[in-house]
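In the order they appear, the protein sequences are chains A and B. Heads up, the first sequence stops at 555 in the working numbering, and the numbers go up one at a time, no gaps. Heads up, the second sequence stops at 701 in the working numbering, and the numbers go up one at a time, no gaps.
Keep in mind that a hint or two might mislead.
[Said to hold, decoys possible] Here are the simulated distance ranges between beta carbons:
| no. | chain 1 | residue 1 | chain 2 | residue 2 | range |
| --- | --- | --- | --- | --- | --- |
| 1 | B | Gly616 | A | Lys326 | 49 to 59 Å |
| 2 | B | Arg384 | A | Gly190 | 40 to 50 Å |
| 3 | A | Asp406 | B | Ile239 | 34 to 44 Å |
Honestly, the hints are just simulated from the structure, not real lab data. Cβ coordinates follow ideal geometry from the N, Cα and C atoms, glycine included.
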Amino acid sequence: MYLTRREILAAFLGTPFALAACSDNTSREFPDGEIVGTNVNLGHILRENRNFEVPAGNWQTVKVAIIGAGIAGLSAGWKFAREGFNDFVLLELEKEIGGTSQSSVGNPVGYPWGAHYLPVPFPENAELVSLLDEMSLTEGRRASGEILIREEFLCRDPEERVFYKGRWYDGLYLHVGESDEDKRQIDQFQKGIDRWVSWRGNDGKRAFAVPVANCSTDAQATALDKISFAEWLRQLDFTSERLLWYCDYACRDDYGLKLDQTSAWAGLFYFCSRVRKSGDESQAFITFPEGNGRFVNHFLEKVREKVRRDHAVVSIIPNEKGVDVVCLNENELRGFHCEKVIFASPIFTAPYVIRGFNENPAFAAGEFQHNAWFVANLFLKDRPKPRFAKDFPLSWDNVLYESPSLGYVNATHQKGIDYGATVWTYYYPMCAEEKGRTKLFNYEWRELADVCLTDLARAHPDIYELTTRIDIMRWGHAMISPRPDFIWSGVREKAMRPYRNIHFAHTDLSGIPLFEEAFYHGLRAAGEIMR
Amino acid sequence: MKRTPLLFLNVIIIATCGLIYELLAGTLSSYVLGDSVTQFSLIIGIYLFAMGVGSWASRYIDRNIAEKFVDIELAVAVIGGFSAPLLFLTFANLSYFGIVLYSMVFIIGTLVGLEIPLLMRILKDELDFKDLVSKVLALDYIGALAASLLFPIFLVPKLGLNRTSLLFGMLNAAVGIWGTWLLEPLIKRNINILRVKGFVILALLFIAFIKADSLTTLAEDNLFTDNIIYAKSSPYQRIVVTKGKTGHALFLNGNLQFNSFDEYRYHEALVHPAFAAFGENPKRILVLGGGDGLALREILKYKSVENVTLVDLDPGMTELSKALPALAELNRNAYDDPRVSVTNADAFFWLDNNTLEPFDIAIVDFPDPNNFALGKLYTTRFYKLLKSKLKPDSAIVIQCTSPLIARKSYWSIIKTLEAVGFIVKPYQTTVPSFGVWGYALAKLQPFETPSKPPANIDLKFLNDNSFASMFDFPSDTTLPLEEIEINRLDNQALVRYYEMEWRRFE
Ligand SMILES: Cc1cc2nc3c(=O)[nH]c(=O)nc-3n(C[C@H](O)[C@H](O)[C@H](O)COP(=O)(O)OP(=O)(O)OC[C@H]3O[C@@H](n4cnc5c(N)ncnc54)[C@H](O)[C@@H]3O)c2cc1C
Numbered sequence: 025m026y027l028t029r030r031e032i033l034a035a036f037l038g039t040p041f042a043l044a045a046c047s048d049n050t051s052r053e054f055p056d057g058e059i060v061g062t063n064v065n066l067g068h069i070l071r072e073n074r075n076f077e078v079p080a081g082n083w084q085t086v087k088v089a090i091i092g093a094g095i096a097g098l099s100a101g102w103k104f105a106r107e108g109f110n111d112f113v114l115l116e117l118e119k120e121i122g123g124t125s126q127s128s129v130g131n132p133v134g135y136p137w138g139a140h141y142l143p144v145p146f147p148e149n150a151e152l153v154s155l156l157d158e159m160s161l162t163e164g165r166r167a168s169g170e171i172l173i174r175e176e177f178l179c180r181d182p183e184e185r186v187f188y189k190g191r192w193y194d195g196l197y198l199h200v201g202e203s204d205e206d207k208r209q210i211d212q213f214q215k216g217i218d219r220w221v222s223w224r225g226n227d228g229k230r231a232f233a234v235p236v237a238n239c240s241t242d243a244q245a246t247a248l249d250k251i252s253f254a255e256w257l258r259q260l261d262f263t264s265e266r267l268l269w270y271c272d273y274a275c276r277d278d279y280g281l282k283l284d285q286t287s288a289w290a291g292l293f294y295f296c297s298r299v300r301k302s303g304d305e306s307q308a309f310i311t312f313p314e315g316n317g318r319f320v321n322h323f324l325e326k327v328r329e330k331v332r333r334d335h336a337v338v339s340i341i342p343n344e345k346g347v348d349v350v351c352l353n354e355n356e357l358r359g360f361h362c363e364k365v366i367f368a369s370p371i372f373t374a375p376y377v378i379r380g381f382n383e384n385p386a387f388a389a390g391e392f393q394h395n396a397w398f399v400a401n402l403f404l405k406d407r408p409k410p411r412f413a414k415d416f417p418l419s420w421d422n423v424l425y426e427s428p429s430l431g432y433v434n435a436t437h438q439k440g441i442d443y444g445a446t447v448w449t450y451y452y453p454m455c456a457e458e459k460g461r462t463k464l465f466n467y468e469w470r471e472l473a474d475v476c477l478t479d480l481a482r483a484h485p486d487i488y489e490l491t492t493r494i495d496i497m498r499w500g501h502a503m504i505s506p507r508p509d510f511i512w513s514g515v516r517e518k519a520m521r522p523y524r525n526i527h528f529a530h531t532d533l534s535g536i537p538l539f540e541e542a543f544y545h546g547l548r549a550a551g552e553i554m555r
Numbered sequence: 196m197k198r199t200p201l202l203f204l205n206v207i208i209i210a211t212c213g214l215i216y217e218l219l220a221g222t223l224s225s226y227v228l229g230d231s232v233t234q235f236s237l238i239i240g241i242y243l244f245a246m247g248v249g250s251w252a253s254r255y256i257d258r259n260i261a262e263k264f265v266d267i268e269l270a271v272a273v274i275g276g277f278s279a280p281l282l283f284l285t286f287a288n289l290s291y292f293g294i295v296l297y298s299m300v301f302i303i304g305t306l307v308g309l310e311i312p313l314l315m316r317i318l319k320d321e322l323d324f325k326d327l328v329s330k331v332l333a334l335d336y337i338g339a340l341a342a343s344l345l346f347p348i349f350l351v352p353k354l355g356l357n358r359t360s361l362l363f364g365m366l367n368a369a370v371g372i373w374g375t376w377l378l379e380p381l382i383k384r385n386i387n388i389l390r391v392k393g394f395v396i397l398a399l400l401f402i403a404f405i406k407a408d409s410l411t412t413l414a415e416d417n418l419f420t421d422n423i424i425y426a427k428s429s430p431y432q433r434i435v436v437t438k439g440k441t442g443h444a445l446f447l448n449g450n451l452q453f454n455s456f457d458e459y460r461y462h463e464a465l466v467h468p469a470f471a472a473f474g475e476n477p478k479r480i481l482v483l484g485g486g487d488g489l490a491l492r493e494i495l496k497y498k499s500v501e502n503v504t505l506v507d508l509d510p511g512m513t514e515l516s517k518a519l520p521a522l523a524e525l526n527r528n529a530y531d532d533p534r535v536s537v538t539n540a541d542a543f544f545w546l547d548n549n550t551l552e553p554f555d556i557a558i559v560d561f562p563d564p565n566n567f568a569l570g571k572l573y574t575t576r577f578y579k580l581l582k583s584k585l586k587p588d589s590a591i592v593i594q595c596t597s598p599l600i601a602r603k604s605y606w607s608i609i610k611t612l613e614a615v616g617f618i619v620k621p622y623q624t625t626v627p628s629f630g631v632w633g634y635a636l637a638k639l640q641p642f643e644t645p646s647k648p649p650a651n652i653d654l655k656f657l658n659d660n661s662f663a664s665m666f667d668f669p670s671d672t673t674l675p676l677e678e679i680e681i682n683r684l685d686n687q688a689l690v691r692y693y694e695m696e697w698r699r700f701e
């Protein structure tokens, strides 16, 4: 299918904007770059229906195989290593470790390809706190027990700014030009959040907590999962455009879904789960130039010898003695005889790789739906000039109100580097789209780079001259989609039970794509096995 | 015919406008390039010569004279009207400011030179030659007189350079539009097109006139009262040096950094208390900021000092003494002293990424925390980094803005230092160019407040009495009663205090 530039821009950025952008015919220098990441097309290999006969000399025996070196798999390996259990391997499809939390090394700083922050955990999340202690990110405890994170790792102020009708403003919620009604509604909304923050279920638990496993199962709270967040807002008569935008942005940012596609439970989870008690601010963010790649690299140090890169697991065969795992490594098949497997790759792939799963499914794997994203890293030789003296300055997270993208994160921000070269990470979720993934993979680097630059040029006309390179990652299965009636439908509980010596561990199992959730499931699965 | 007197009125307006553009260019160029004698003389010369070129060229206009006249009028309106705003914008790039300036003067001169001969030819059928010449030229000179009186008395003080330029552009456009009616019988074609053009230009000038303030983000025309002798935009800031009756003054992004008339008060108060607090034989000194070299001058007065490391972001600043002998003289050629080594880096990043032998004394002289990039240089994180480059008995001093104007900001810096374990002795003094100014003297161990400046140092301002009194705070500058926040990277409380407190004075 051949589309004109205008049609492509319209598809990604909206028709009116595309028309305006295309009417400007000034020829501009276009930076270099390429599509990076995903070097193995697993779906393709599996569809070929090859026979996966492992040559006899290529078998090894190991107690546990962890499949997938994302945060979940790495956390499981980290736990094993900490407890002195060493008879395991960590098999990763890609050449790069980290899954959706991977990052790259760069100059002057590294930069993320996906996850880029972690909110400061509550002290009761003891294992996560012990990870932060181990990484020397903490500097003690408050009298109340709250952990103190070292200043240089807490997101540096200014954290967010928003671009609206030609100017940048402080914060994410747009205050400028707010009417009295807008103010009343955001106030009302805040009160609603506060009520849920202090709410406790008949089991004594919070409605929204991290990890999701600690949330109340009281029907009053879980009923929120039946409707969309948009519907919830409608029922409470919220109509303020900027409030709805704010909530929609939250859904797109955390889940890659629009307001009307997100479950109300998941929507409220975003606003409530990181607030200690009603009236408190949300927990501060821990961040690094390379984002959560910092955690990946820390885990990697602890389990380096166990990691097998470029090992695509193509078949998992449960049998009487345990589980056999077959992987494809540089066109060669290798096998592992294991007692147990930790399945730390996306849950929807289970039926394709686990032999016998389809005939006798333990759960409906198809309910674990993912959406597609693309992430671009722009290498800038200098910062764009502010257009107005009073424009709010470059922040960590920079959001465009009128754009379907999520804006960009500035990698040098956290390091206090405020001049000269930097890297911006631009996020674009393919929300809503029935065929978002196909659409995304129909386009090549040049088209996606054009979308990104055209989008950013609305705020930074000089972006073309400043960008020396754009690399783009297309995430076909970026993150789990908490659509209505998924998180509390019961399917997650089923998937969390071991299936013929296979223990599932992936953030998907929480229905919420977060570091803390992946970490929780990694540790849970490792714990189940060691027990 | 009744249109003749009206056309004479046009002559006056045209003459006034013409001279105004010339005066504007002269004023602007002496503002920006300094040396007003040369600038005015050059501008007047080029302008008059260009008028000559225009008059001579008028012979080549044979047909449609009335229409051409209106066109020229409109061209003057655009180029002349936008001349000041355009020059202000190019001012940011000094290297080609001159080219833009002189070509603009030449173009406006040529166009104005065309006007009067053409108008005379239009009028020639209606008057006899003797009459024509005497009236037109007389009115031309009257217009010039009006302009030269209006310009300094009313226009510059009341409207500023930009609005003056735009206002006269509008007058020129109005004359052009009016001309399409006065000369209607003489204009053969395109009269409507001319009128549309005229109104569009008038509208654009009018919009710019209304928006003139936001148009000149560089609103330097009302900022600097003295002549600018140096101006350069580095990648980090805009550096401007002016020279006036009281001496030289340095501005960074429009904020005064020092005036040579009283800077010794500021720099003596900055440097010597830290030396007094350190005691015998300081050897290794760190200076953060202070690229003007004036703190260096004070430091180098100590014979015991073996090396001084100066870290300033902007090579434009540390090299300013080379470009401006007046500054080198003021800092007594501090940069030529072999004890001084200069690094151009962001001090925050530099402290974080260098392992160094500890320093005896650190002098921290950054611009006020008026943005987040500067605010980070006053955070607990920054002071912790600094701490790691000190010995247990090192002394530091920080310039901390005005405790009178920005009382919370001042005490927020003090609190921030205390939060990372410094024992702080706040002090203040008066620097007329700045007002009441605050500093923080600090060490990592308890220490006596020094009572007099070190002996045998040549000082102009500090003496035993004035020294001790700096540590007393009048009631309007003491620690406020309300809770003052500590400035951290993740709250930048200081930038917000500072914004709030200084905004009252804008
Ligand atoms: C663009 C983006 C931004 C995000 N931002 C944040 C954020 O700021 N904060 C946050 O907390 N979370 C964020 N997330 C969510 C992020 O997904 C989780 O934080 C976490 O990284 C999920 O880890 P995981 O191990 O569960 O899954 P994954 O990251 O999906 O890891 C699965 C791993 O399994 C491998 N694999 C798959 N199939 C096979 C196979 N057959 N054989 C071998 N290996 C296989 C994959 O290559 C991958 O490495 C973001 C996600 C995306 C996509």
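Right, here's what the structure says about each hint:
no.	hint	verdict
1	Gly616(B) with Lys326(A): 49 to 59 Å	violated, 34 Å
2	Arg384(B) with Gly190(A): 40 to 50 Å	holds, 41 Å
3	Asp406(A) with Ile239(B): 34 to 44 Å	holds, 41 Å
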